[in-house]
Amino acid sequence: MKNKKGYYLVIDSLIAIAILSIGIFLIRGSLANSPSQIQGENLAHDTLSFLASAKVSDFCDFELSICWGPLTNLEIPKNRNNSLLGYIGELKKNGRQGSITDLIENSVANSHILNQNFNFTFMLDGSLFYPRGITKPEDINGYKSSPLVSSSSRIIFGHYDDQLPSDPFIQFENWGPYTAEARVWAK
Amino acid sequence: MQKRGQVISFDLVLSTFIFLGALMFILYQIDNASFQKTQDLSFAEGSVINNLWLNMKNPAYGQTFLADSHIDEAKLQIFESKAYRDAVPDQNFFNDQKSLVLHNLGVAGFAVDFCLYFVNGSGNIKGIGPKAGTGQEDNAGMEIFVGRNDVRCEGAIGSNEPYEDPHCSQYYSHAFIDSRPVIRNREIMSMKILVCAKEAG
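Protein chains in written order, with the numbering used here: chain A, 1 to 187; chain B, 1 to 201.
Just so you know, the hints here were simulated from the structure itself, not pulled from any lab data. A virtual CB, placed ideally from N, CA and C, is assigned to each residue, including glycine. Be careful, since some hints might not be right.
[Unchecked claim] In silico DSS-like cross-links for lysine-lysine, where the CA-CA straight-line distance does not exceed 30 angstroms:
#, chain 1, residue 1, chain 2, residue 2
1, A, Lys4, B, Lys3
2, B, Lys3, A, Lys5
3, A, Lys55, A, Lys136
4, B, Lys198, A, Lys187
5, A, Lys55, B, Lys198
6, A, Lys93, A, Lys78
7, A, Lys55, B, Lys75
8, B, Lys82, B, Lys198
9, A, Lys93, A, Lys55
[To be verified] Among chain B residues calculated to face chain A with C-beta under 7 angstroms, some are:
#, residue
10, Thr64
11, Asp68
12, Val119
13, Arg180
14, Ile183
15, Arg186
16, Ile188
17, Ser190
Can you build the whole structure from these sequences, using the hints too?
Here it is in structure tokens:
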């Protein structure tokens, strides 16, 4: 009887050690695979910098009135000197919210430039434009529980020349200032 | 007899405590060392990547192929053609541009190698000339592979090599990757740098 009790204790302690060890290794494993803060910060900053430095003229032939790449199927930019971020401001001014989402989708989300460990959102004046169909980042799966969220913002403003068919005069249109924000978080 | 049983039980409990204590001590030491290593590596990652981008954009290094997210293809080819470390040092220090750009990227305590390459919007590697990428493979046995067929970083590649996660050879103990969106040949691409590291010594 006494011997049996000893066996139980030994088995009990072995099981406890096994559970403890598995727990510790699982915790250590999950920490080792987590994406780094540096990656998140760089990704948010780089994405916004890229949109600010890439020109619409990189993707449009204004003589032939055709655009390609991220500007495929979007209206021809009115200001030929704009960056992609400037063009986004132009689209917002003209109420082309859907085109902004298309542009972000084509230039950032579908271009293999995002790190696979991170999710990405793009906001303009606090409104979410990417991902499509969601209004607040909090509503996206996994956002609230993410251990790492990084953000980068810029104030954008600009102008373009506009001419209505019925109006012989060219109108100088200002837009902005808007706050553009790229936010990434670890999956 | 009952006393003997109590002694055995007490012995068992005590030994379990000692065992657990030793186990926790060992795990703590391993964890501490691993945390230290992670911190070092994180520092290395930050230093390497930030230095690389800064060096690339610095006009003092001559043929700067990256400006405002745009890749100058001709200058990229020149950069690729440079040997990282010529057998005979260049008399003109600033001609050894690749060495300069990659200079100071190494972090004390780590042997670090690099592979710079481009992935287009379709997920294919776009070679630099006939090569998959360009970089530094400074030590014998240290190799970086990209693409489906384990092409070496500076190995020959087809015009459109399907992309797969690049990897470092077994020689290295750590790897990290960073990327920047760029425009190359009027196409959005991801300029990626794979860093393979091994603790020196």
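Against the structure shown, which of the earlier numbered hints fail to hold, in ascending order?
-> 5 and 10
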